[in-house]
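Chemist: Residue numbers (this note's numbering), protein chains in the order written: chain A, 1 to 480; chain B, 1 to 554.
To be clear, the hints were calculated from the coordinates, so they are not data collected in a lab.
Glycine residues also receive a C-beta, built at the ideal position from the N, C-alpha and C atoms.
Be aware that a few hints might be false.
[Stated by the list, open to error] Some, not all, of what chain A presents toward chain B, calculated at C-beta under 7 Å: (1) Ala63; (2) Leu183; (3) Trp265; (4) Thr354.
[Unchecked claim] Cross-link-like lysine to aspartate or glutamate pairs, in silico, EDC-like; alpha carbons within 16 Å at most: (5) A:Lys188 <-> B:Glu551; (6) A:Lys188 <-> B:Glu520; (7) A:Lys210 <-> B:Glu549; (8) A:Lys184 <-> B:Glu551; (9) A:Lys188 <-> B:Asp253.
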Amino acid sequence: MQQLISRFTIPTVLAAVIFGTCLPLTVHAETPMPWSERAIFEHVDQSRFAGVLSKAELDELIAFGETLFGARFTTLDGGGRPMATQAIIPTKRKRAAPATFQRLAGLDSNSCASCHNDPVMGGAGDFAVNVFVSEGFNNADFDSTDPQFSNERNTNHLFGSGLVELLAREMSADLQGIRREALKLARKTGEEQRLRLVSKGIRFGWISAKPDGLVELKEIDGVDTDLVIRPFSQKGVMTSLRQFTVNALNHHHGMQPVERFGARWTGETDFDEDGKSDELTAGDVSALVAWQAALPPPGEMVPESTEWQKAAAQGGEIYQTIGCASCHVPALPLDSLAFHDPGPLDAAGTMRSTETHNGAIYDLELLNWAQELPRNEQGQIMVPLFGDLKRHKMTDRQIAAFGNELLSQRFVERDVFQTTELWGVGSTAPYGHRGDMISLDEAIRAHGGAGRDAREAYLDLEDADQTALIAYLKTLVIEP
Amino acid sequence: MIISLKTGLVLAISAACLSHSFAQEAVAPMMDVPVLEEVALKAGVDHSYTGAWEHFVGGGVAVFDCNGDRLPDMVIAGGTSEAQLFVNNSTAGGPLAFTAVDGGLPDKSSKGVTGFYPLNLDNDDYTDLVVLRVGENVILKGGPNCSFTSANRAFAFDGGRAWSTAFAATFEPDQQFPTLAFGNYVDRSAAGSPWGTCHDNVLIRPGAVDVPNYAEPQFLTPGFCALSMIFTDWNRSGEPALRMTNDRQYYRDGEEQLWRVSPGRPARTYRRADGWKTVRIWGMGIAEADLDADGLPEYALTSMGDTKLQTLDEEADEASPIYRDVAVEKGATAHRPYIGDDLKPSTGWHAEFNDINNDGRQDLFIAKGNVETMPDFAAYDPDNLLLGTFDGKFVEAGGLSGIALNRRGRGGAVVDLNMDGMLDLVVVNREAPVSLFQNRGAHTESGPRPMGNWLQIELRQRGANRDAVGATINVKSGNETRVRKVQIGGGHASGHLGFVHVGTGVAERAQIRIKWPDGEWSAPYRVFANNFVVIEKGSDVVQYWYPPEAEETQ
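All chains should be built: construct the whole structure from the sequences, respecting the hints.
Modeler: If you want it as structure tokens, here you go:
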């Protein structure tokens, strides 16, 4: 708390006084008592962070985002949602929540960092901090912990998430461009056109366009039918850090961002009826997005042990030869590090780029870690995510461990998941979408469906080769 | 004398409403208010509805695709002027653009026209048109590229000589072709005309043959000068009844009417013994919507003075259509102008529910305008845009949105004309140019911004009833269900056929279930918002449709 005040409020106010022309960082700033139980004393004024941000501006915003990410929200901030459910669409409870905290329907934490903390803030979470996705109980006002009403998920790490979102945006643009081209050709030729959907080397099936503008969706594979790659969550069902952040703030903490829960969409400034109006501004959400987007990507560490180095090198080759890399693609090329916030793909309820004049561009190139990213011959950044941002069916008749959920989520079947990005896997045990696989070996053996061939190839390896593969994966770490 | 009496009644009715909805315009609503920019001339639409007494009423527009590109084209009644066909050349999200097609309608069907309704009557690939006229009505058979030919003879349809002002159609069970209902106004040749001389209305069922055969009408007696009618499944029975709103200006001992139309049996009115309550208004237009998604529709009935908003009363049951008026409590009376100094009662015509600001709640558009120069009614009588509020009521936003023009509105349509997901608005005005409003998005001090999410849904089925008239569309997002019906009829002499628009607010995806006209429920279809969705009966997947973009037309 003291740190927050000293880092932001006082310097900002001083700067404004001393330099006169400087604008304050925030709006609604208050001078807190030293013993205050509030976590937020000021809110970010989005208009202060519009356009292409300088390094100093970006750092300022990121720093505030870090503070918010680590803040333990209290009722004085608006934490809690006695009369609102955790649903993504603002939904009233029928009666006040019987308890502030509840593991399924939330609240389940009062800080982002309560779960995203392994090995450092922004990281993943142990099984102990699993969360329960809200699908299936939008209107829950009961205290059941029956899993039939939700799916239990392990907490993902957020490192490199800015790069992930940028990749997803570029890939979505590619796929939608192919659809546009198919339509254009079909209208021009008067004949149906069937084009392969491919972006950055990842194939997403086929799309067929008819001369009358109709598009067949049956052959689309691994991406939503609107050809928006939603790269976040284990299912790949969240479009952007911004959408994910708005959802999570309400679900996990009962902190309701104005851009979805405010008067424009709900008719109320205090939708959750906790006595606090307009709990988080658009600028606050932007700060959280900026901090997450700026988290460095996990890397591939060089072990001190020469024996491990040797094994990892061998494991890296095995990773390629047995087929892991067909889905866990080591790197995808990225054209631009300009992170627009709001982004181009969100729908109403998450701030859209087209509905504000105060959109910002975070040039991730300004960040130190960006200088170290490898580039290909075309100058593209090779993002080492070890993933393909595509969904796959992960079960078959014999191997069905990943089919242990009872509910589909946001149109994605229960045994279909987006390829887990393996960057950071060495730092983020346990594994699997439920976090119930203790070892990498166990997780590999659980691959059915689209991962079955690679699994079988892994099982066919000599013990030493299996160990080498693990040695390699353990080098993919989040380095604090 | 009659006018004075009428005025007194209107004022009495309206008095109770004054404190509720008047001057609500002064406070900007919390939800998005669309910026509706009048662009008719820029868009190539220059047309007026003209004529003497016979054209004090009418002035309709049909909005539908007549050339197979799925863009909504328009045919607008002209009264004594020629009706005019306008082909839509707009591109996705671009400026509204239409081309007037001279001679687009056969001679007989272009003069003396009061209104139009689109309908695929013969189950071919083209939408047909029902032309309401002062004199013989005409069924125009649609053909390629917006071509139309009279089909009265081919379909054994006697257009009569009445002054027709209302129309509705439904497909009855096991029928290949639709049942048609025509509403007629004053019988000018009857003794004592105009008062107490309303024409009978007509119900025509298709003959049991391979082609439409409308040789055997049933006269719906008594007629009370219907100005709007709609087939409506008021009791969730699956058997639509025929709701009529009638103009008390000319009937004697008349009232609003609901006709039971049971398959194979003559239609008959619901009576007081059935629970039907007498309501006498200057009924001009009907809009239907299931505002609370309970499967029982509400009806907005426009009139002189206050608009009625009827909902089924708790005392009603499936055989007893007992309605109560909730317009006052819902803030939907729209009984006099919301801006200006003219405090006289207003005159409502076309009414249509739709979600014009994409916030997930139904809004209500009402075309307004003095009959001609009635001194006891508002002369400057701007159209209403009643936005649905968060608590299930309505708030006026006509002035803020930009539609409060000094024109005498009649028919209209609330339709997305440039396929950008935002509903535009066309209003046919009496003795004044058609108003064409392009929806620019939500009003803000720094210019329009995008509104909420949306879906537009087209239903198709093979064989009879290609456009699934009578189908119910349920769109579910989270806990919210939004209901739409595919209907032919209602409004004021105006109809729309094509994509059905549903605003979904902040929901970015939805499940759609269809109750097809034969009563069969579809499986749920999972769709993403902000898309045009085409659903064919029996298909397990939807198709998306994409409108032409500007670069494709260059």
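Chemist: Below or equal to 16 Å on CA atoms is what counts here, so check Lys188 of chain A against Asp253 of chain B.
Modeler: violated (62 Å)
Chemist: Given the hinted pair Lys184 of chain A and Glu551 of chain B, is their alpha-carbon gap at most 16 Å?
Modeler: holds (9 Å)
Chemist: Hey, Lys188 of chain A versus Glu551 of chain B, does the alpha-carbon distance stay inside 16 Å?
Modeler: holds (12 Å)
Chemist: For the pair supplied as a hint, Lys188 of chain A and Glu520 of chain B, is the alpha-carbon distance within the 16 Å limit?
Modeler: violated (38 Å)
Chemist: Does the CB of Leu183 of chain A sit less than 7 Å away from some CB of chain B?
Modeler: holds (5 Å)
Chemist: May I ask you to test the interface hint for Trp265 of chain A with respect to chain B, counting a Cβ-Cβ separation under 7 Å as satisfied?
Modeler: It holds, given that the least Cβ distance between Trp265 of chain A and chain B is near 5 Å, below 7 Å.
Chemist: Just to be careful: measuring from the Cβ of Ala63 of chain A to every Cβ in chain B, is the smallest value less than 7 Å?
Modeler: Where the cut-off is 7 Å and the nearest Cβ of chain B is about 29 Å from Ala63 of chain A, the hint is violated.
Chemist: Please check whether Thr354 of chain A passes as an interface residue: C-beta within 7 Å of a C-beta belonging to chain B.
Modeler: holds (5 Å)
Chemist: Holds or violated: Lys210 of chain A and Glu549 of chain B, Cα atoms, limit 16 Å.
Modeler: holds (15 Å)
Hints 1, 6, 9 from the earlier list are contradicted by this structure; the remaining hints agree with it.
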